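Asker: Residue strings, one per chain:
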Amino acid sequence: MSFADRFVLDSDQFTPSSPGQAFGNHRLVIDFAGGPYGFDGLSATQTDRIRERFQDLCSEDTSRQVKVNTLLYRTQNRSFPDFDLDNWEYTLDFEYKEASVGIAGLKFFAYFDLRQGKQSHLWTSTEDDDYFTGVFENYFRVVVAYRLLACGGVLLHSAGVIDEGNAYLFFGPSNAGKTTVSRLSQDSGHSVLSDDINALLAGPAQDVVAEKMPFAGELGQTATPSGTYPVRGLFRLHQGPRNAVRDMRPSEGIAALVACSPYVNADPVRQDRLFENLEHLSTITPVRHLTFSLDQPLWPLLTGH
Amino acid sequence: MTHLSTVYKPRKDVRYRIVADEAVVVRQQSTEVLVLNEVAARILQLLDAQTTVNELIHALEAEFDIGPSQLEHDVMAFIKELLNAGVIMPATSNTPKSSDEL
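Which chain is which? The protein sequence lines are A and B, in order.
Here numbering that gives the first Met the number 0 is used: position 118 in the first sequence is 117, and no number is missing along the way.
Here numbering that gives the first Met the number 0 is used: position 66 in the second sequence is 65, and no number is missing along the way.
Calculated directly from the structure, the hints in this document are not laboratory data.
Since the model is a prediction, treat every value here as computed from it, not as a measurement.
Glycine residues also receive a C-beta, built at the ideal position from the N, C-alpha and C atoms.
Careful, some of the hints might be misleading.
Facing chain B, from chain A, some residues (calculated, C-beta under 10 Å) [said to hold, decoys possible]:
1) D246
2) P249
3) G252
4) E275
5) E278
6) H288
7) P299
8) G303
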């Protein structure tokens, strides 16, 4: 099975040189880490859906210079096969090239052009049903992951918690305890950036900073002041009978971070860049093991208070 | 079965980086990530689709303070682990001599 066969009936119909018809003539600019991100060719309905989802991150100044500009095109629903979604685990299909990444998912197909000033293209059949927000967000997450990589950072599957203005990121595979740590932290009065995904970037003061991502998680959808937070801790989570912090070897730390860097960690063309970024970030803020227990308070161990 | 005349190479979906003498290895098809110790990392670096296992052992003899028989034993064990982990694969269809089968 080749690229996109799972998701589209004929991928040859999607070509940037002959993209077809836009949904409308609306434009939106969304600004957060790695951006601003521009979207053209939207219908009014799509624009409303995106505004509803991304709210204050949508800029009123649509003439702003953007880092990635994506044109949306309408395609017929029959371009996509029917899916039985029961018990189906959703993963996207990718095609990695030097200058672009092809992305195929449920009811969409996209070419994300990584070259500065070039247009990216997103084809979908959805506009006003529940699929559209999902299509948009699935595409947008990938774009953000690549932009963060280009900016020297990474999109990290992690829980991000704020303590006295500093960020602590907790990461690990599914069921490692990201949401549990987020809930325990919320219960002890801490703000949660997200219990699912956060941006990790090199800061301006030779430090590492975390930034809240506007993507869905169970927690972190409520107000957390936007902006960047200096990272004081990067922890690979484990659950155990008592709380403990252990150092990791640099290689272990990078390996743990790679495993939690979605999309880009499967890209053979840009793997070296991912290694470079993570080596740089983890040299500034080393990764440590955190074993946590549900029966013991966590934060005194991390901050001493 | 690993033979002294066998030549190995990293699988196509494998990417790695040496960090403080160890190797961080990514198998991209499964996005599995492994850490190899110093000797295994060096073995991976030397498995370049041209070097036989025998040549690899001789190269390592000059680099590590390990006796020849122990080194040969360790190399064979590491190669078996790398094969089982899907990190490397045979690079040639050389028919090994039965006497060098291990």
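Asker: Are there hints from earlier that the structure breaks, and if so, what are their numbers?
Answerer: 1, 6, 7 and 8
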